[in-house]
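One line per chain: the protein sequences are A and B, in this order. Each residue of the first sequence is one higher than the last, beginning at -9 in the working numbering. Each residue of the second sequence is one higher than the last, beginning at 94 in the working numbering.
Don't take each hint at face value.
To be verified - Partial pick of chain B residues on the chain A-facing surface, computed with a CB cut under 8 Å:
#1 K183
#2 A264
#3 K309
#4 T313
#5 S386
#6 D387
#7 S531
#8 G557
#9 K558
#10 D595
Treat the hints as calculated values from the structure; they're not laboratory data. Everything numeric in this text was worked out from a predicted model, so none of it was measured. Virtual Cβ for every residue (Gly too), placed ideally from N, Cα, C.
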Amino acid sequence: MATAAQRRIKSVSYAKYGYIFTAPFFIVYFIFMLFPLLTTFKLSVYGNGLSAKLDQAGTSINCFVGMDNFKTILTGGTDYKSMGIHENFVKFFGNTIIIWVGNFIPQICLSLLLAVWFTDLRVKMPGKGFFKVVMYMPNIITAASVAGLFLSLCGDSKYSVLNSFLLNHGFLDEAYMFASNKWSSRIIVMFIQVWMWFGNTMIMLMSGIQGINESLFEAAEIDGANSRQTFWRITFPLLKSIMVYTLLTSMIGGLQMFDIPFMFHTGNVINSHLETIAIFIYDYFHRDYLHPSYGYSAAASVILFVITSILGALVFYVQRDKDAIEIKKKRKAAAKEAKRRAARGGGFSI
Amino acid sequence: MNKLRKSLALIATLAMASTALFACGDGSSTAPAASKADSKAAEESKAADDSKAAEESKAEEGPKVEFPDEAGSKLSVLSWTGDDLNAMIKNFAENTSYNADDIVWVQQGSKGQEAREKYATYFAGGDDADLLFLEADWILDYINNDEYTAPLTKLGFTTDDFKGCYEYTVAIGTDNNGVLKGATWQATPGAYLYRTDLAEQYLGAKTQSEMQDKVKDWDTFIASAETVKTASNGKCAMIDTLAGLWQVYQYNRSSAWADKDDKLQIDDYCKTYAELAKKCWDEKLVTKEDAWSDGWYAIGQDGSTMGYFFCTWCLGENSMLSNAEGGIKMKDKVDADGNVVKDADGKAVQEIDYDADGKVQPKNPDIFGKYDICNGPSGWAWGGTWFAVSPKCNNGTLAHDFVKYFTVTEDTMEKYALAKSEFVNSPKVMKKIVDDKSNKNPLLVSGDQFAILYDAAGKIDMTGKITAFDSQIKDKFNGVVTKYVKGEIKDYDAMIEQFKKDCGSIEGLVVE
């Protein structure tokens, strides 16, 4: 039998502290994340331009224009403005995909290889901790510094490290425009992305590998499996979920790629082979600050959001655990069967 | 509270009424705005008073200052740089009855482009703003907007007051309706700065005038550039960078970028420049270095370029030309107690390390002082900063006096020109300085850039060529030309097509 005091304590609700402690997050989230998110959706169906003159034409930021912004971006039009916007979007989207694919594939391969080596029981690598830190390091340098660094290493200038090496050793007669030419600039940006992010991906994959039960590896070793067999039969299948996660985060990050492509150029003109969707959004929203085109910017953001969602869903669909689904299906079928029998009034089947 | 307000209003009214009476009086009374009562002011102002009062009575005939003089409020000047403003405040306080702390610098960013965005935000905030610094590139954004700027007539000026200025500076300070809203203290004409040793070696030009003959117009300039290339076996290019070429050539338009119906004008100019730039790039008449990079300065020393297109503000002791000549020795600045002066970021402030004779010490004596100046193929200017008055100005008289000191009154303009070695906005003052031969520039063989720049400034003609879209159109044009030149765009027609598409997104501009 509980005493009165005990009963009183029981009735004290601690739930409100939970709400109080989590409130800051929600407040910040609502103000700085949810509100801008919803505003983006709203802006995407409103017009562009701020001037009162345009108000009458029905295209200012105060006017609801429905899907016009999307139409212009996706299909273009007959006037130069629409053509320009549409072409830029398509071109920048292409650039984004090319640069992302070009950096993701080498990045995941390199990270996977290093992660396996670092976690392999048989590889007794000295200075593992040191290498892990060194490989993660590029990730903590700000993008602006990285872009500056690479511009002085392999920029257009004949005084850049790569050019002066090639010129001094007679490989070239004149400076090569590494930062301006189509493929050299893209390859450099891909390389920078790999260099900056492979350490991060490697750490993630390592944590995935370390999560795999060690006895599986020991058993494989006892059974005489070689490294390759261990990797393909044990490590890789069990790493699937973390790979999906890496793929997804990298894809989201890749589609939003902005800093390095935006900064890796000489002079005032951004290299058009490097311009990405995020640069498109920035361009229309910010560069001409007195006449911002919020509508196009927001519409492009929404399109990017939709594309990301579709790709994300696709990744989940492809990577789904088929065996588990099969088992689930069977279980469901069995349950149905049992129900059907019960309904028929049958007893236990023997 | 109400009582206090009423009595303050009464005092203010009385004060204003009394100033009106002073102005109508015999002119021997003290300056009306001089709130300072210390003896220094009284002494200093006495001398200035006579001329000042005379000027004031003259101003009486023209428009009056329509802004109030709120007691206790300081003159807030919005600017991104203290370089000019601090020198101005110092010079202004030394030569007038005002105190240096009557004027405050309200810093907005540290670059012109940052200020461009921050001003609008600052105005939205409603804080005190009396005067604004506006840069040539984007001055129209602000002077075409009555929320941010008021006509200079409201500050007590007439257009006649600026008759003595370089015409192009007045044209740039005029808004789309023809109202004068910006006045500048400086003119920023540009010229061609060249290595005298290379000019003699490759072109045989021994003097400034011989060199000018080799670059007097664009055809001759390009012909000389080809000669230089051949004579140097392709090692030396006549033009420093593509950006430099564009900086000069953008002043070469014979008409505005947009007509009176705001329609984009694509004319022969576009083709001429695009082809010129392409030719220079392909035939290596320009180096492939980037302006403002380390390489930009390196080419000036190793003979990769014969010279640069520079303007007034590139020619100081520690500026771009100085860097192109290898730079000068600098040292940490120390205060009176021997402590190193540090800036807001904790970095030691640098200053020029003069030798015992008060001369700069070059880092590369082989090149230093080997450059000289000539007019070049056409007149042009680079940048420049204008004053504009905020509609919310509440220090009318001080603002008027400040702007007048630097843009109208020749005596004080000369004082400022000599104090800061500034190219002030008055041909008359500059002519006097040139004739007096008082300018000595250690970077130049001839020792004086003003003699040449004085001519160059007169050649700039911007009348009828300014539109509100200029900075955006020029950005887009330079963008497509750069891409065309570098081969990202395959031919001229494709370039124009791209140019039109890019310009399509400029609000209010008609592209057909």
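Results for each hint:
Look at K183(B): its Cβ only gets to about 33 Å from chain A, farther than 8 Å, so that hint breaks. Hint on A264(B) is violated. Least Cβ distance to chain A is approximately 21 Å, over the 8 Å limit. Evaluation of the K309(B) hint against chain A yields a violated restraint, the C-beta minimum of about 29 Å exceeding 8 Å. With its C-beta approaching chain A no nearer than about 27 Å, T313(B) sits outside the 8 Å limit, and its interface hint is violated.
Because the smallest distance between the Cβ of S386(B) and any Cβ of chain A comes to about 6 Å, under 8 Å, the interface hint for this residue holds. A distance limit of 8 Å between C-beta atoms decides the matter here; for D387(B) the minimum to chain A is near 7 Å, and the interface restraint holds. Restraint check, S531(B) versus chain A: the minimum CB separation of about 37 Å is more than 8 Å; hint violated. Annotation: G557(B) was flagged as interfacial toward chain A, and the flag is violated, the nearest CB pair being 23 Å apart, outside 8 Å.
Below 8 Å, beta-carbon pairs count as interface contacts, and K558(B) has none with chain A, the closest being about 21 Å; its hint is therefore violated. A hinted interface residue such as D595(B) counts as satisfied when its beta carbon comes closer than 8 Å to some beta carbon of chain A; here the least separation is about 6 Å, so the hint holds.
The earlier numbered hints that this structure contradicts are 1, 2, 3, 4, 7, 8 and 9.
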